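Asks: Residue-level listing of the chains:
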Amino acid sequence: MPPAMIRVEDLSKSYSSGAVVQGVSFEVPRGEVLSIVGRSGSGKTTTLKMLNRLIEPDAGRVYIDGEDTAKVSGETLRRNVGYVFQRVGLFPRMTVAENVGITPKLLGMASDQISRRVDELLDLVELDGSLRTRLPSSLSGGEQQRVGLARALAARPRILLLDEPFAALDPLTRERLQQVFLRLRQELQLTAVLVTHDLVEAFLLSTRIAVMRSGQLIQLALPEELLRRPANSYVRDLLDVPRRQARLFERFSERSEDA
Amino acid sequence: MREGLDDLPHFLALHLELTLFALLVGVALSVPLGIISAKSRVLGPLLLGLAGVAQTIPSLALLALMVPCLAALGAPSIGFLPAFVALVVYSVLPVLRNTVTGFTNIDPALLEAARGVGMSPRQTLYYVELPTALPMIAAGVRTAAVWTVGAATLATPVGAQSLGNYIFTGLQTRNVSLVLIGCFSAALLSLVLDGLARLLLLGVERPRGAAFGAGIVALGALYGCAGLTAIDQLRQGSSGQVIVGTKTFTEQYILAEALAGYLRAAGKSVQVAPSLGSSVLFDGLSAGTIDLGVDYSGTIWANVLKRDDAPASRDAGLNEIRSALSNRYGVVLVAPLGFDNTYAIAVRRNVTATFALKSLSDLAAHSRDLVIGADYEFFARPEWKALRSRYGLVFREQRSMDPSLVYQAASSGQVDVVCAFSTDGRLAAFDLVVLEDNLQVMPRYDAILLASGKFARKNPSVLKALAGLAGSLDVPHMRAMNKAVDQEGRTPAVAAAPLLQSWLARAAN
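From first to last, the protein sequence lines stand for chains A and B. Here the first sequence is numbered in the numbering used here, starting from 2 and rising by one per residue. Here the second sequence is numbered in the numbering used here, starting from 492 and rising by one per residue.
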């Protein structure tokens, strides 16, 4: 087994309202994608945000490529970790090119180099170069999230974090972006952590799946193992939803064919 | 009208100077303060509260307050500075408030995104927060610009020149066209500044556009103009130009014109600083920011020397004033001009007939049925208190109003009794009868020419010539000149021409 790209040890966070994440530990080997699933309030987004210290952990350690993330400044850490936001991720008063090139700019890259990198990235996420000078508000939701993805990849980060990146998109756009993500994962050998509500998405995009409940990691397994041996009724219930939906949909479409 | 328009570039440039620099400093202060306020839970409400309180002070009062405040700090308390400081204070609130609103309205998710891409707090401010809050801040600047242009018209009484000079002088000399010139040009100026701010905002939203370029050029031109005016003023200030100050009534404007003409004939460069607040003129003479002005012995006796007794005689009183002013304030009493402009109580002619009034003692018997009107100052003066207690005057109602409206109010029957000035040309014009001060309660108000100590030291020969004007002007002549302006629509300069001729003839002999 290759050395872990991300190693999380005993991560905890609590607010005045109570514990949000309690003693979470896991590893993500290089080139793997880990999905974190769970119901709302299970602590999955907080866990994700502690990986690049958008939220400072109360206890526990995060190692990226063997380095303790607590030993560098939060800003330096975040410039080297790609992050795709759930919604308002883009800066509304910057053009597409400025949004994509922001992290390289913060890292002090020369402007002609940034410009070339922006071209590469727009190509990579299948966006037309003519959109460079547009403001985010003039783009469709799918285009905006492609820009968000391009921005997260701009500084060639070692790891990529995604917080429900496709949740706000219509199903067709979502599917197309998921395909883009799969292709990028293949091409760039991405190591990534993805938070999602959507179990089908988790199965489709990730190597392994982590299930969280009330701030704790319940099960971390390969998709087929999760299906075969759910750790408890909570995991089983989560898995049942898409199954039920698929069966229902099947029945509807059979009926419409009969008719 | 024609004569008024000739001065327009001058007053417009001064108005622009005052407004634009106050706005510049106001914005430079309030944007950083707004940012700090938006980020601090303690400072935010505190600063917003303070700015809100400053805003509730009427602009005229705020301007007037600056005079004693600056004097207490030992700074120049007359002229540009008090007006400038007051306008800066005034321009802070809208910009501060909008900056705070602009910053607190930023979606927290956007700030998280800024952190997420690795921005430091300073980079977040520069790349995300300021650009996002900018339209809101700009709206605040627009409001401040319009307010400041308006409030600058009120800077005249503290000795700063602006378009307000038209309004104050026009109201005082019943010259409606002057008032209109002042109002319209101020309104136009605020429209221009507002439009310019809007243009710049459009430009900021779409950088490098034509609108932005045009806005920058126009703003640059305006600031250039304001800067040149400031340099010009500084140069004049050090070039020995003589500043003649006036209070806010007709007689003062006429005497200032005559004095200015007299000094110009003596080869001096002169500027009239018109319509100063009553105490502002004396403070200016005392501080040396005003060189010459005409005040009144009774006013100095009561307000400056703080005396409530009566002087033994006219000469004794003048001698006492001369030495006290020189010893305590360095102000030189150059000459009593000859006429006495005392407070006089006057009534409409039909009222005197109804009640058979001749003297103030007669008035006391009927005063409970009558309404008295006077300028803002009179009811607070010791003379009024003395009159009231000696004659036992109690009126049905007391009304304070602008001095220019007092006679009109009596003539139209809105008030029955007015406090007038004995030299006022409008007494005859509105058919008002002066009642005799039969108990001789009123002190004398000899018009006295005062000079600042600095001017007196530097110009001994001019001072000697001015001292020769003692006793050169009597009450009927003064009243005739006042009437020429107030009733016949002459300008103060035209009305002052015969007086100037007689003064120059006097000097030649």
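Just to be clear, a hint being listed does not mean it is correct.
Only pairs whose alpha carbons sit at most 30 Å apart, straight line, appear in this in silico BS3-like list of lysine-lysine [unchecked claim]:
| # | chain 1 | residue 1 | chain 2 | residue 2 |
| --- | --- | --- | --- | --- |
| 1 | A | K72 | B | K759 |
| 2 | A | K106 | A | K72 |
| 3 | A | K106 | B | K530 |
Hints listed in this document are in silico derivations from the structure and should not be mistaken for laboratory results. Keep in mind it's a predicted model, so treat the numbers as computed, not measured.
Asks: All the hints need checking, so say for each whether the structure fits it.
Replies: Results of checking the hints against the structure:
1. K72/A / K759/B: violated (76 Å)
2. K106/A / K72/A: Holds: K106/A and K72/A sit about 23 Å apart, inside 30 Å.
3. K106/A / K530/B: holds (26 Å)
The structure fails hint 1 only (numbered hints given earlier).
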